[in-house]
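Visitor: What follows is the residue order along each chain.
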Amino acid sequence: MTNNEVRQLILDIIHDIAPDEDLSDVKPDVRLRDQLDLDSMDFLDIVMELRKRHQIEVPEEDYMELSTLDGCVNYLSPKFAEKAGAEQRA
Amino acid sequence: MEHFDVVIVGAGMSGLAAGVRIAHFGKRVLILEKHTLWGGLNSFYKKGGHHFDVGLHAVTNWLRPGYKGPRLPLQRIYRQLRIKPDEFELEPQTRSSVVFDDARLVFANDIDALTEEVRRVFPSQVDGFVRLSERCLHYPEANEATPFVSARKMLTEYLSEPLLIEMLLCPLFFYGSAAEDDVDFEQFIILFNSIYREGFCRPRRGVKQILDVLVKRYEELGGEMRRKCAVESIEVEGGRVKALHTAKGTVTADVVLSSAGLVETQALRSDVEAPEVDKAGRLAFTETLWVLDQDPKKLGFDDCVTFFNEGPKFAWRRPDVPVDLRSGVICVPSNYDHEEPLERHLLRATHLADHRYWMALAEDREKYDAEKKVWTERSIETIGRYGAPFAEHIRYTDGFTPRTVKHFTSHVHGAVYGSPHKQKTGRTDVDNLFLMGTDQGFVGIVGAMLSGVAMANAHVLAGGA
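Protein chains in written order, with our numbering: chain A, 1 to 90; chain B, 91 to 555.
The following block holds chain A by itself, in its conformation from the complex:
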């Protein structure tokens, strides 16, 4: 999965949780909660949607990694790659 795809999939999740937020100009290196009206319950939902949609587990101690879009990409890309590898091997 490319970095752009990971970024888009995070934005898709945020859009479904908070359809009233404008996501057209989300800065990748600024904390999501500083530019969007998201609180801790919304972040929990992002984690839960990742599990539901993509079977990606994010343990609680790693939640901080998802604070920016860039952080999401850096943290999630290897997980997606690992998952794709596992699926290929299966």
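Derived from the structure by calculation, the hints contain no laboratory data. Note that CB positions come from ideal geometry on N, CA and C, so glycine has one too. One or more hints might be untrue.
Far from chain A by the CB rule (all over 12 Å, computed), these chain B residues [stated by the list, open to error]: (1) 115; (2) 193; (3) 218; (4) 246; (5) 314; (6) 322; (7) 325; (8) 342; (9) 387; (10) 411; (11) 430; (12) 487; (13) 497.
Below are the DSS-like pairs computed for lysine-lysine, each with C-alpha atoms no more than 30 Å apart in a straight line [stated by the list, open to error]: (14) B/388 / B/318; (15) B/298 / B/496; (16) B/136 / B/318; (17) B/136 / B/457; (18) A/27 / B/174; (19) B/514 / B/457; (20) A/52 / B/332; (21) B/174 / B/306; (22) B/137 / B/463; (23) B/298 / B/137; (24) B/298 / B/387; (25) A/52 / B/174; (26) B/137 / B/388; (27) B/514 / A/52; (28) B/243 / B/403; (29) B/496 / B/457; (30) A/52 / B/306; (31) A/27 / B/158.
Fit chain B to the given chain A structure using the hints.
Guide: Chain B only, in chain A's frame:
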């Protein structure tokens, strides 16, 4: 035997909200509902060719379009249930009043306007009111257990005029206190914000609009609902729910969320011999709905909701008469700021009632009907004083007593707001059985939905199982 991840007892607002939330995350969930229709305390029905909402006076927690600020309860519900803000079709109130004899406080969905109203009627109290209002700005964490703090006592730290305290408490009690004559200060804050800061609204097409959205979403997500399927017993063994026996067979579940109530849930359990009936609520109501031949506004009923009381002291307790006509709530749905005016002229009135009297009459249908009629006549006379006499304009009358509430909600004593002993964490002494809805601590439509969401999160979705 059929197995579900989660079984929910009751298809009211909390049960449906919990069901949507749980089904959204892919769990197999079943809602069991005793009656034909869903909605619980906030259901709907048709009688005499008229559609009625069972209990809807107002939806609290109005969310102003374009609102920015700390997260509000309705926003929380929309996000957690993935519902778009316009789906409930909520429209705001125009105005409501609290009337104690000659004193009247008018409020709408604007806390600053209420501050001005306090200044006008109780000039010496305005500073205290502003301090109180600021103290209430932030909602407490609602599902944590905290000791009871008397709101009445707290209020005296802000206000010195007893009449103002009574008048402020009156709508809050009527719309959300299961305890007599007082309310926990945390609950006071929730009610203060829900009613005075955010305020009232109403779905254009009544409560069914909200229920339709929830049920449709629940079914789209694969949630199952069985109606006319009362839970007959909850079999508990070794501190866990082993099975639920229903009118239509036995099911098993990893987790059971019950919105039946604290005492009512105990009564269903196979391992409880004596449910704690002394913990059941005692606050019950009669309510009458009148279809009129003209707009109630033309008769002088200008408010969406009028809360009234005779005398300076408001008695929020079980009366020793069948119906306490000294106080009440009058609701006029057509006074909401609806885009299209409602074609029907409805007036509804609520009074505190003595559940003992109405339950005792249950054996004697004729006497029950006759008494209901007598008290309705008296209510008409009382309510007329807050607008104009309207007896000659009545085209249809329907109403309920505590007995009706008991029948449709199973609440002991027909107590609409359930037990005063709230179980804020939802936990019971059975590992996988949790309470939600009225007896978990939230009331009202928004409160009930939030309860369902909070309990689903805490006891089903947390931990990620």
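Visitor: I'd like to know which numbered hints this structure contradicts. Please list them from smallest to largest.
Guide: When the structure is compared with the hints, numbers 1, 14, 19 turn out to be violated.
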